[in-house]
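J.: Dock chain B against the given chain A, drawing on the hints supplied.
Protein chains in written order, with this note's numbering: chain A, 132 to 535; chain B, 132 to 535.
The hints are simulated quantities; they were obtained by calculation from the structure and are not laboratory data. Please read these numbers as outputs of a predicted model, since none were measured by experiment. Honestly, I wouldn't trust all of these hints.
One copy or any two copies: either way a pair holds, since identical chains are not told apart in the list.
Stated by the list, open to error - Pairs of lysine-lysine residues, derived as DSBU-like cross-links and limited to a Cα-Cα distance of at most 30 Å, are as follows: (1) LYS265 with LYS415; (2) LYS265 with LYS412; (3) LYS412 with LYS366; (4) LYS366 with LYS473; (5) LYS265 with LYS473; (6) LYS408 with LYS265; (7) LYS473 with LYS408; (8) LYS415 with LYS473; (9) LYS366 with LYS265.
Protein chains: 2
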Amino acid sequence: MSGIEARPMIPVEVAMVRLLEMAEATPILERERVLLAHAEGRVLANDLVATLDLPPWPNSAMDGYALRLADWAGEPLPVSQRIFAGQAPEPLTPGTCARIFTGAPVPAGADCVEMQENAEVQDDQRVRFIEPLKTGQNIRPQGQETTVGEQVLAAGTRMGPIELGLAASLGLAELTVVRRVRVAVLSTGDELIEPGLPLGPGQIYNSNRVLLCSWLQRLGCEVVDAGILPDDLEKTRHALGSLSHVDLILSTGGVSVGEADFLGHALREDGELSLWKLAIKPGKPLTFGHFRGVPVIGLPGNPASTLVTFALLARPYLLRRQGVTDVAPMQFPVPAGFTWNKPGDRREYLRGRLEQGRAVYYSNQSSGVLRSAAWAEGLIEVREGTTVAEGDWLNFIPLSEVLG
Amino acid sequence: MSGIEARPMIPVEVAMVRLLEMAEATPILERERVLLAHAEGRVLANDLVATLDLPPWPNSAMDGYALRLADWAGEPLPVSQRIFAGQAPEPLTPGTCARIFTGAPVPAGADCVEMQENAEVQDDQRVRFIEPLKTGQNIRPQGQETTVGEQVLAAGTRMGPIELGLAASLGLAELTVVRRVRVAVLSTGDELIEPGLPLGPGQIYNSNRVLLCSWLQRLGCEVVDAGILPDDLEKTRHALGSLSHVDLILSTGGVSVGEADFLGHALREDGELSLWKLAIKPGKPLTFGHFRGVPVIGLPGNPASTLVTFALLARPYLLRRQGVTDVAPMQFPVPAGFTWNKPGDRREYLRGRLEQGRAVYYSNQSSGVLRSAAWAEGLIEVREGTTVAEGDWLNFIPLSEVLG
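Bound-form chain A, shown alone (with noise of 0.2 Å):
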C-alpha cells in the first residue's frame, strides 16, 4: 500500500473551505482602472456607491398627461406646455396639464400622470380623462432605483452586462477592479501530442490545454500557455522558474508517487507538495503545493476529471483568489430518472440532463470520456453512501453555472 492510499478521502466540502482559505491567505491585491467597456467578466475592487439619485427626478412611465390633482374635477383641461424625454420642464402652470412622453421629467406642481389612451383631447385642444385618477400614478418617483450614498454594489462583484448596465446607469465610465489573476497552464503526460500533428504510436492528444485556456478566459483570467512539461527533472526546474510571475500554476494529470513523476519531484525539492485524496469522482487524486512560492494546483488528467475537478474546486479558488464573493454555483433539486444500487465512497458527479424533468445521466460515465459532459447540461450529484431510487430528489448544477 502506498503512502496516499492509505490516508483517509477528503471530502468535496473541507477540501472546499481549504482551497479558499488558501485563496483568502493570498489575494490579487493590484487594482486598475478600466474602462466600463472593457469591464466584462473583471472584479470590483471597492464598493459602488450612487453619487446621484437614479431616477435624477420624478418622470413620466407612459406617454400621457401630467396634472395637478386638485385641479381635476371634471372640466376639460387646458395643455400648458409640451415635454419630450430630455427636457427640462416649467414648473405646471396651475389649472392646466401638461402633454408629456415616457422618461420625460413630471414638471414640478404634478402629481399625476394618465396614459393618453384614457384621454380625449377635445376639438378647443383642452384635454378630458375619462377614467378615474389616483396621486401619484404612471410616476416613476426620484430616486427609485437608488439614491445618493447607497451601495449599490458590493466590492468582490464579478462585472457581468447587467452590473455593467448599473454602473452606466449611475454615470461611471471607468471602474476599478482586481487585476485578473494570472494562470499558467501545464499539461503534464509523455502520450500528449498537440492536435493538428500526426498521431505516434501510444500517443494521445492534448485535449485539457484548449478546455482549461478557454475556460480560465471566460472566467477573466490571463492565461500563460506554458505548454506540456518537459520529460526531464532539469527541463521541468526551468520551466517551473519561467513562471513566477503567475498567480497559479495549474497542471493537468501525472503529479502521483509514480517514477517520471518530474513535476511531483520538483515541487518536493523546491517547494511544498500536498497529495490530496478526494471523496470525488471522477477526480480523485488533486495535488497542491507551491514552487518557489508560487501556488500550484494539479488536477486530475482524465478529461471528465479535469473538468469536474475544476470546476468545483479551481473555479471558486481562483474566483475567490480575485475577491470574488460568491463564488458557489447554483443547484437545484430534481427527481432522479434512474436508478443507483451501489452507494459509493466518493461524492459522484454525473455529466447527466435533464429529460421530461428527470435527471439522467450519459451512458459512460468513465473519466477518460468527455463526449459525456459535451452530451450533459448538468452535473447530478450522487452523494457518498447512499443509493438512489428513480424518483428520488438530487442536486444538479447547470454547467452554465461553472463554466463562466
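T.: Same frame as chain A, now just chain B:
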C-alpha cells in the same frame, strides 16, 4: 384608443416561434476556418465526425501490472517490460506480466491490469497478485470515447470549453464555423447621455449600450456600436443607411406611435415595421422590421424590459441566425416563497433568487429598475392569468443560462 392598444397581445411562445422562423429565413451562410484556440463561442458549421478511434488503443486506467489472466495460477510472474504512457509496447511475452502506467497502451496479449496497490513485488522481482482478477479490469477499451466515422458533435453546436476539448482530443487544430453574426446596437431617446459626461437637466445615463454590447460579445456576436440615434429624420436615415453591412440592427427605446419617433418613421418609409404587443412583463412593446433589407429588432428601453426581452427573445433569435439548434435556456421548477394575488394579463418574469430553496423576488420590480436584476440569480416565471400561493411550483430560469 390607438391602433396598437386595440390589437390582442401576442403570447411569449408565439412571438418566439415567429422570431425563430424569421431567423431561419435569413441564416448566416458564410463559413470560416478558425484555430481551435480562437473557436470559443463559435458555432460549428458542419458535423464533427471522428477520424480516429478514441482512445486509439486499449490503455491502462491505473499504475500497475498488465497480464494475461490465463497465465495467472497463483505463481508469481516475472516482469518482461515496462510501459510508460506515450510508449508503444511489445506484445506481452507469455507467462510474464508488464509493469504499466496510467494511460499507457496495454500490450497485445494482455487482458487484465491489476493496480500496484494489490501487487506484491517479491525479492526476486516477480509479482504476486493479492486480490482476485477479472478479464478486462482497469483497461479502457479502444474506441471507448468514440470510433472512426461516428458523429461526435452536430452542426449548430456552440463551442464551449468542453466541446473544444473534445475537438482537440480528436486531433483537430482548426474548425469550420459560422461567421459571427454582426449586430449594430443603437440607442434611441433624447434624454440619453453617455456615462462620464455631466448630466444635464432631464437627462439620464445610457445603460443599455454597455448592457447589450457586452452581452452580445458574450454570445459570440460581432458588435457594431452605433451610439445614440440622432433626433432628426434625415440623420436617422443616414445612420441606418450606414449599417447596411450588419445582420441585425438592435435598437432600444422609443419605437412607438408617439411623436418624435424618427426610427419608426424611417422604417415605415424605407422598409417595414411591425409593432408587437407582447404578453410579457416587463417588456410589452417589441418592434420587428427591416431597413432596406437589414432586419431591425427594437427592444423596449427600460432597462429591466431590455434585459428580459433580450434574454428571452433576441438571444434565441441571434443564436438561431447562426444556426444554433439548442437556443432554449434550462428552467427548473422551484417552490414559490411568496404569494401573488392579482392574476396578470401578461406573463411576468420577476427578477428573483432562491432562498432556502424557495423563489423570492426583488422588492421593486419596476421596469426602470436594473438593480433587481443585479440582485437576482434568475427569472421567476408567473404565467398570465394565474395567482400564486406560497409553495406553488414556478419555473425559474438561471441568469447564467441566458447571459452566455
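J.: Hint by hint, say whether it matches the structure.
T.: Results for each hint:
| no. | hint | result |
| --- | --- | --- |
| 1 | LYS265 with LYS415 | between (65 Å within a copy, 23 Å between copies) |
| 2 | LYS265 with LYS412 | between (62 Å within a copy, 22 Å between copies) |
| 3 | LYS412 with LYS366 | neither (33 Å within a copy, 61 Å between copies) |
| 4 | LYS366 with LYS473 | neither (45 Å within a copy, 71 Å between copies) |
| 5 | LYS265 with LYS473 | between (66 Å within a copy, 19 Å between copies) |
| 6 | LYS408 with LYS265 | between (67 Å within a copy, 26 Å between copies) |
| 7 | LYS473 with LYS408 | within (21 Å within a copy, 54 Å between copies) |
| 8 | LYS415 with LYS473 | within (18 Å within a copy, 52 Å between copies) |
| 9 | LYS366 with LYS265 | neither (79 Å within a copy, 40 Å between copies) |
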